[in-house]
Structure formats: structure tokens, C-alpha cells
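Visitor: What follows is each chain in one-letter form.
Number of protein chains: 2
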Amino acid sequence: MLWTKTFIPTLKEAPQEADSISHKLLLRAGLMRMLMSGVYTYLPLGLRVLNNIENIIRQEMDSSGAAELLLPALQPLELWLKTGRDKDLGETMIRFTDRRGRKICLGPTHEEVITDLVKGHVSSYKQLPLVLYQIQTKFRDELRPRFGPVRACEFVMKDAYSFDRDQEGLEKNYKIMLAAYNRIFGRMGLDFLVVEADAGVMGGSVSHEFMVPTESGEDVVLACPKCHCALPYKEEVADKKLCPKCNEALVVTNTVEIGHIFQLGTKYSSSLGANFLDASGKLQPIIMGCYGIGVSRLISAVIEQNHDDAGIIWPDEVSPYRVIVVPLDITDEKISGCAHAVYQELNNAGVQALLDDRDERAGVKFKDADLLGIPLEIIIGKEFLKTGNLELKFRRENKKITGDKEDILKHIR
Amino acid sequence: MLWTKTFIPTLKEAPQEADSISHKLLLRAGLMRMLMSGVYTYLPLGLRVLNNIENIIRQEMDSSGAAELLLPALQPLELWLKTGRDKDLGETMIRFTDRRGRKICLGPTHEEVITDLVKGHVSSYKQLPLVLYQIQTKFRDELRPRFGPVRACEFVMKDAYSFDRDQEGLEKNYKIMLAAYNRIFGRMGLDFLVVEADAGVMGGSVSHEFMVPTESGEDVVLACPKCHCALPYKEEVADKKLCPKCNEALVVTNTVEIGHIFQLGTKYSSSLGANFLDASGKLQPIIMGCYGIGVSRLISAVIEQNHDDAGIIWPDEVSPYRVIVVPLDITDEKISGCAHAVYQELNNAGVQALLDDRDERAGVKFKDADLLGIPLEIIIGKEFLKTGNLELKFRRENKKITGDKEDILKHIR
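Protein chains in written order, with this note's numbering: chain A, 712 to 1124; chain B, 712 to 1124.
Same shape as in the complex, but just chain A:
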């Protein structure tokens, strides 16, 4: 992509609204813009990061045997009355009456809708197990939106649902998802904790939370600095608590929740009547699990853990581009010609590249390249005019190597 053909409005200073490091960098690097408090536009770079995160999730969900579908945002309130969760969610759930008088809500989650769907089509144990998931936009009337996409009114989630004949099947699917989540967050370069947690409003018993330690995190957990074990924070015991695995003193740690998985049991299938005939011909409620990931807030979580004073440092699989090509004087024909040739060869080799073809000063381009945080920067400047050599800068290591065009391209490929 050419910088001048896309839309990357970088900023020297973060707008006043920014209230965390990731929020500031999201805005400064031109990834997102606020439309109103809690509601954000994904600019082209931000959308590329979102898509990369979604694709990692999709790959790991698909290879775990889950099938993707897409449920609507508009939901009949009627379904929520049946499970009683309209009260649990209260004013957080956006509701309205349409002009035909239908009571509708904007889905903050989809247990009701998917249980109702499966109810209509699964009637025998032979059709189970079944694991379905979606990556979809959710809505919440958030009273105090904060930290950009971390606590927002409109956000993207991955929600998966498992349907089983019995507890044994549920536990099997639960383990598969737990393993998939570890792979997903690992591929995103995240340092995360897995906390055995309360199931709360979701119903059910067993549940695990995936938490990313960050300064601005609003969820407090007790983390073991030695073995990465973590427990829910409970004020009365926090001071004396030792790690149940290695006996090290636990540390009170601020975190952001990025995923949460639940063994639901029959809470939804019972109240919505999603039953199946078991092998002996007996009618049973389907045993369910649900598995959520906060997709859009992962952008923030990754930035919180991957940045320095100059800007973002994207992990490879999440980065909007793999390489940024930075010609320092685009009006110089030799430099511009080399930059376009390098860019073309990267495209031909299937390497996602961004060419900063703006007519801007070297200082602006250097600063913007570091701010954007693309792992590899190819710099074509004075050195090139003198010796024909380019520079390849590794953003994370802040190291440079020098070589001619072929050397540098070979290194990248």
C-alpha cells in the first residue's frame, strides 16, 4: 500500500480523551478515531490489525473443530425474558421498540439466540457434539467508556458455544478450547495469566479467565511471579496468600480481561427448551459451554505490552504490515525509483509492505515509522546515494544492518 493512497492520520500529541498508553498510541499512530465517547472508527491500519487478530482466532477455532456462523445484532427481547437475563443485564443492554411494536435489543452476547437456533435443528444425540462460533459486533450502553476499545459501547467479540450430550463431552470441548486460547494469545505475543474464576451472570460452575497484566488494567488478580499461576483477587486474603503451586508470595496485579470460558451446563438449554433424545430415547437438555474473546480490546492489550517511548512495536502476526519502506527524499528520482522497486519486489514476494511515498522531511518519516511499529523498516537515503546501500532497521531490537538492495530483500524473504 502507498501511504498517499491510504489514510494514516498520525498525530504528534495524543488527544485529550486518551487515558492509557495503548489508547494514546492507537490514536497517535492513526489506527482508530473516536466518533463519540465509547464508539470508535477503525482506520485502515487499525482494521488491518483487527483482521490479523481475527484471522489468528479463526484459524485456531477452525482447527479445533468449531464451525463459524454469524448471528444478528438485533435480537427479540422475548428470548431474554425466557432466561431472565434481561434483568441481569439491566440498563447495560440497549433496547428499543420498532415501529411495528416489536421489543428489540442490541445483542451484548448471544447465548439466548444460539440456543434458540440449535433448539430448532438438533433433536438427537447423533447430531451432538456441535461447536459453533462467530466474530461479531456487540453493543453495551457503557456508563463510563474508558481506554478506547477496552471498555466501549460497540466492540468486536469472538463468541463460541459448545453443545454436548453429557458432562464428559462438555469437559472434552472445554479442554480443547482452553488449549486453543493458549495458542491464540501466544501467537499474538501476549504475556497472559489464566485465572480460575467465578462464572457470575453467565451461569454454570467452572470458568477460566485470560488476563493480560497492564498498568491501566481494571481487573485485579493475584499472580505468582515465579510460575505464572493466578487467582482471583479477594481483599480479605490478599496479604497473606501464597501460590498454591510453588508457595511463592502472590502479587496483586492489574490486568485486562481478554478471554473468558464457561461450563454453562443446562442453564440456557433448560430455560429455552433445547432438548435432545439420548441413545435410550430419553429427552435431555443439551449440555452447553461458552467461550468468549474480546477481539477489539486485544489491539489495546497487545500495544500495552509491546511499545517503547517512540511508539508501538507490533508482534509479527499482528502487525498491519511486515515492512515499511522509507525513502527519505521522495523528490529524488534515484531514491524514489529504488523505493518503488523494493516495494514492488516485496509485493511480488507476497510480503505485506507499506511505502511512505509522502513528500515529508526525514525526521517526520523516521518518527512516524517508529510510531507505527512495523517490525522491519527499509530506509533509503543519503547512504544509498553515496554507496548504493540501504538500511534495514529491526524495530523491536532497535538494530540496523546495511546492504545493497538484493542483500536486504534476501534477508527479509
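Hint data in this document are derived by calculation from the structure and do not stem from the laboratory. Zero decoy hints are in this set.
Put simply, identical chains are the same to the list, so a pair is met inside one copy or across any two.
In silico DSS-like pairs for lysine-lysine, Cα to Cα no more than 25 angstroms straight-line:
(1) Lys1045 with Lys1078
(2) Lys814 with Lys798
(3) Lys723 with Lys830
(4) Lys837 with Lys883
(5) Lys798 with Lys830
(6) Lys1097 with Lys1121
(7) Lys1093 with Lys1110
(8) Lys1045 with Lys1111
(9) Lys1116 with Lys1078
(10) Lys793 with Lys830
(11) Lys723 with Lys837
(12) Lys1045 with Lys837
(13) Lys716 with Lys883
(14) Lys735 with Lys830
(15) Lys1121 with Lys1045
(16) Lys886 with Lys716
(17) Lys993 with Lys830
Go by the hints and put chain B onto chain A.
Guide: Just chain B, lined up with the frame of chain A:
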């Protein structure tokens, strides 16, 4: 994908709600399900078709120099008051007040939001032209939803917006988009008409509509049966009208609108104050165009034009899978072994394949394969047990060839 691992609830009879051929086939082939009138779930097969359509659009938009972003569904009503379009859209636009008292609407389109975004970041002629697009979910309080995704309350659109210095730039971008639209709909295997139309509520002057002739279409146009020229239908002149290009008598034709492009001019930039400094330092409103495609209703349009009595017949680029493998008796070890081997080899060759691994009667499997409409069916049955040969059926041509496994796989690759 294995049939038993995904969710394809085919139906022998269409539910009562189905009111057009495509709507019936969408439901019968297990592509979509109604949650409530005008609101649909995309089941796994339907989502694959939707993704294919989106990817065709994405490829052609990207190669036309447009940059993708993602705007929010939640919009401040305030922006609509500035352009006066809150009145134009009236009750069609879903509105609510959140608990902080903000007046919010669910975006039925995004001219206001994108103009406001660009206004904040474009100030000089040097930053123009710019073409931005998104593929996003829109909402309408539709009084009489019909034909499944054709007239729905929640639907997917591609909306693009061009920003230019002058009318000449707008006309250039408009031509590029017109050409891209022709490529997009051509790749989807559609027979479509291009109608020069009124701009109506969108403002501006020049506009073109892309229409697909179908029996159930609610938009009437005058089409030339000879040269594919088309005009908007006007009752008073319809009887006598001749084609302006070839003088043939025009025919009153029912169609569905799948795309609409507009030269907006300065309607939105003027009312929202999106100005730029031109080369002479004078402040000017940005000249805009907008370019819409009804993404989800394209699924219906394609089916309307591509089906027979047995079911859907997908064009190659839109089909949820390229091949369906149909072992006629999955309990037979030889047949099952061969089916899985064929399926594996297709996967290895990068051919998207569905394996019908259900324990169902041959009749059910034949009927479902034809109903699903995947272009190639590999049938492994009695013939295979006798001679070792498989059958390859071409769904559209309704022709079969016979050969051993290697012959058939070679043919597909």
C-alpha cells in the same frame, strides 16, 4: 469441512415465511435462518458465500485504489441534524437515547460519519483525492421486510466514498468505480442492467443503478432486450419507449437493486464543513461521490439467476465450496476410506471441499448435494465397489464423467 462437524440444516420444504425462489432456497439449503421477521442468521454455508462475495468486492475495490476502514454502527444523531437527513430517513432510521442522555441512531448509511472523519484530517489539496470504503452491517426499521436478505432490518453493505478537489477528479473516480462495479458483478456470474437514475435522497446529480432482473424484483425498469441498455421506469411513457441506442422496443422488467453510485458534489461537505485549501490558498468544500453495494442481498440475486428445480447452482467464485464429496454408504469401509482419501487430497491441493460423512440414504445425499449447488460432486458408490471408479458430476451442466480416483482428481486440479 466434514458435514457432521459443521451445521447445514437442509429442509425438504421451505418454511411458510419464504416469499421468493431465492428465499426458499436460502432456507432449504441451510444457508440462513430467520431470527425474527427481517433479521437473519448466516449459517456456516451462508457465511462462506457472504465472505466470497465480500472478497470479490474487496479485491476490486483495493485494486481500484480505495482504502478499507470500518465505521461504527452507533452514530450521534447530531450529525444527521446538520445535514437534515434525519427527516429524510424518518422512521426508517432506528433511534434511541442512551442512559447518559445521548441521542444515538443505528447507521442506515455513513455519508455523515465519513465526511466528519475526513473533515478532521484533510485540510489541503495535497491530501486529495482519497477513496475510502467499508463492508459493514447497516440497520433499518423496515415496515415490511421481504425476500429474506433482500429487504431486511439488518444487512451488510459495501459503501465507498470519494473525496476530490474538483468535478474532474470526481468524474475520474466515478468512472473507476463504474468499471469496478462491472467487474464485481461480472465475477459473481450475474446478468445485470446499468440504469442512469435519479439521485433522490442522497443529493447530487449523476447516479447509476445496478439492477438484476428477477421475477420477484420490486424495482421496475425499462430494459432493451437487444443491447442491455436500461432506463428508469416512468409510467406515462413506458408503452411507447424505444431504446435510445438501438431503437428496439423496451421491455418492462422486474429487478432487484444491487448497487448504486452517486456524484454527490458538495451536499455533505458543505453542510458539515469539510473544506480544504486549494492550490491558490482558497477554502473550498470537498467534492464527494458515494458508491454502494447491497452485499447480503447479492446472495439472493445470485440464487435468483442461478438455480433449477433441484436447487441452487453456484457460480464458481461465489460457491461455499468448490467440490462436495458424496460417499453413498459411509458405513462401508472401502467407500468411506476412499472418500476420506479424496477429501484429504483435495485439501492438500488447496481445493475447498465438503465431505458428506453423514450416515444417510443415497437418495437424501443426492438431493442435498444438488440442493446445496456446489459446482462439482464426486460420487463414491456401487460403481466404485464394482470397478474402482468414481463419478464426477457437473452441477450446472448436469453431466457426469467416470474415472478412477487419480483421473477425477486430475480433472479437478
